[in-house]
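Undergrad: Next come the chains, spelled out residue by residue.
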Amino acid sequence: MALDLTQFDRFKVTFQKGDQIFCEYEPGDAFYLIQTGRVQIVKIIGEIEKMVDILQPGEIFGEMAILEEAPRSASAIALGKVEVLEFNKKNFEILMRGNPQIAMKLLMTFIKRIYDQKRRFMILTLPDPQSKVADVFLMLYETQAVQQQSEAKITEDVVIDASPEDISHWCGLSIAECRQVITYFTAQRKLETRNNQFVIKNINDLQRLVNSRRKKEQL
Amino acid sequence: MPQALKYKAKSIIYFEGDISDKIFILQSGKVSLISTDIETGKENRELVKTGEFFGVKSSLGKYPREETADVILDSVVLIFTVSEFEKLIYTNPRITIQMLKVFSNQLRRIHKQVGNLLSEEEQVDQEKGLFGIGEYYFKNQKFKQALYAFRRYLTYYPAGILQAKATEYLVSIEKCPPGKTPAVSSGPAPSSSSGPASSVASLSALSAAVKEEGESTTSVYYDGMTLFSKENYEEAINCFRQYVSANPDGEYVVKALTDIGKALYLLKKNDECIKHFTSMIQKFPKSSELGDFLLHLGLSHEAKGDKAKAESFFKKVIDISEEGSETKRKAKAKLKALGGA
Chain A
1 MALDLTQFDR FKVTFQKGDQ IFCEYEPGDA FYLIQTGRVQ IVKIIGEIEK
51 MVDILQPGEI FGEMAILEEA PRSASAIALG KVEVLEFNKK NFEILMRGNP
101 QIAMKLLMTF IKRIYDQKRR FMILTLPDPQ SKVADVFLML YETQAVQQQS
151 EAKITEDVVI DASPEDISHW CGLSIAECRQ VITYFTAQRK LETRNNQFVI
201 KNINDLQRLV NSRRKKEQL
Chain B
1 MPQALKYKAK SIIYFEGDIS DKIFILQSGK VSLISTDIET GKENRELVKT
51 GEFFGVKSSL GKYPREETAD VILDSVVLIF TVSEFEKLIY TNPRITIQML
101 KVFSNQLRRI HKQVGNLLSE EEQVDQEKGL FGIGEYYFKN QKFKQALYAF
151 RRYLTYYPAG ILQAKATEYL VSIEKCPPGK TPAVSSGPAP SSSSGPASSV
201 ASLSALSAAV KEEGESTTSV YYDGMTLFSK ENYEEAINCF RQYVSANPDG
251 EYVVKALTDI GKALYLLKKN DECIKHFTSM IQKFPKSSEL GDFLLHLGLS
301 HEAKGDKAKA ESFFKKVIDI SEEGSETKRK AKAKLKALGG A
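Protein chains in written order, with this note's numbering: chain A, 1 to 219; chain B, 1 to 341.
Quick caveat, the hints were computed from the structure, so don't treat them as lab data. Certain hints may be false.
Which residues of chain B face chain A? A partial, calculated answer using Cβ under 7 angstroms [claimed, not checked]:
(1) Ile38
(2) Lys49
(3) Lys57
(4) Pro93
(5) Ile95
(6) Val102
(7) Phe103
(8) Tyr148
(9) Ala149
(10) Arg152
Because the structure is a prediction, the values reported are computed rather than measured. A virtual CB, placed ideally from N, CA and C, is assigned to each residue, including glycine.
Excised from the complex, chain A in its bound form (with noise of 0.2 angstroms):
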């Protein structure tokens, strides 16, 4: 359903190719809903800026900020022209009482960061790097199954479009030390690398490998 947001044509904030809509750190009081133009996210880790996420018109980012103001947890900076409307604690009953649907999609954007942030800290508790890794395979199988939820036949390769950056975002060890699990699975079979993309050859021995560590850790 299309959403008919031009009651909040005043919240509407324009920023221009590469500008910062918001830094890491800085105390946080409004959420944006993109509009048009794609938002990037960002996070300094150490030494290194970390892409966390790119985000499209429709989407919502900062909601955080919502009931309280905590600082930021990364930036998120202009991929071009970006069109946002721009909530905060004050507009924000309004926006509830005027568009429903927003706050549908702001549920749905919570319900999807806790059930990821959950299923993070899961990957990060078990006890060594390979079934770390499984386990990211694991889990961004999962979000692909959600998302193509039509064509659930179990095929016997899962093809999944990541990089190695984004298997170290997830599990938390170096891209080297990933490299090197990666490495290990494809030398024992289990997997094949292409460009940005992962295939495995048997999800269900990952999933039985993260399922060992995992009791073992338990007990």
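Given the coordinates of chain A, assemble chain B onto it according to the supplied hints.
TA: What follows is chain B alone, placed relative to chain A:
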């Protein structure tokens, strides 16, 4: 229409791992949600309150159920499909807001748990963190980003410990001609023993040089802020005036003019301050700083001993300022101290 269904004690509404699109409200009885704590691996039991929703996240997000819903006493639950639930919240924004509050708390909690696992060192103090972002972008020659971070730093921490250093970075980016790489002294941030005075001097020298070139930059405004934070109000006023006359339409004109007024008040030049802000109100009646103008009019009248006028200005501040704003808080405190309502 949502369906009401009775469950007997000791029955299960759903199991952890089930996939379903049903959302529930407990109408009467007693239901407990059993989940596994992700930190300890132990079993968690949580009672559902009457009137409370459960099964929302997994249904809407199409995830497997994260808990088992265990019926303790005979209960009646209302069952919604996702589309019935959507209809319900479209007509009841209160429910959505309530739910968002719960979710936002959960998200913050899990964020923290993940953060703890990733590394302790990531928990940088907010002020240093913001400055660090600016420095990172500066080193990587992303000056637009660096500029943003340093400006934010100076907005939030005008008297912060890294203020002089941030100003120095800012000036060096802003005065750098396009195509060249700005640079700052590579030494450590000036320490309190020798640093600030010399750094201010060098900044003034920089801005003087810039002026000679006939360029209008904002560096002199930042000089003013530096001097202001060092309580050198006379000099600060000079810088702000320089900035305003060089950039009559500049981005920071209202801010600079506001700071001039504040400096006048702090210099106890109450009559000048009153004159200054009175004319500001006429010039910028719609400024977002209006509350600040009025507050300082009140403060100056108070300092002159004119209680009645001071009170009336503080009341105006309270009328026009946003709930929870610093200005409003100050005005309220002042009014209270004066014995007003």
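Undergrad: With reference to the structure, classify each hint as holding or not holding.
TA: Evaluated hints:
1. Checking B:Ile38 against chain A by beta carbon gives a least distance of about 5 angstroms; that is within 7 angstroms, so the hint holds.
2. Hint status for B:Lys49 relative to chain A: violated, with the closest Cβ pair at about 20 angstroms, above 7 angstroms.
3. Residue-level restraint check for B:Lys57 holds (minimum Cβ-Cβ distance to chain A is 5 angstroms; threshold 7 angstroms).
4. Among the interface hints, the one on B:Pro93 holds; its C-beta lies about 4 angstroms from the nearest C-beta in chain A, closer than the 7 angstroms criterion.
5. Hint on B:Ile95 is violated. Least Cβ distance to chain A is approximately 9 angstroms, over the 7 angstroms limit.
6. Residue-level restraint check for B:Val102 is violated (minimum Cβ-Cβ distance to chain A is 9 angstroms; threshold 7 angstroms).
7. Checking B:Phe103 against chain A by beta carbon gives a least distance of about 4 angstroms; that is within 7 angstroms, so the hint holds.
8. Annotation: B:Tyr148 was flagged as interfacial toward chain A, and the flag holds, the nearest CB pair being 4 angstroms apart, inside 7 angstroms.
9. A hinted interface residue such as B:Ala149 counts as satisfied when its beta carbon comes closer than 7 angstroms to some beta carbon of chain A; here the least separation is about 5 angstroms, so the hint holds.
10. A cut of 7 angstroms between beta carbons decides the hint on B:Arg152: the least distance to chain A is about 5 angstroms, and the hint holds.
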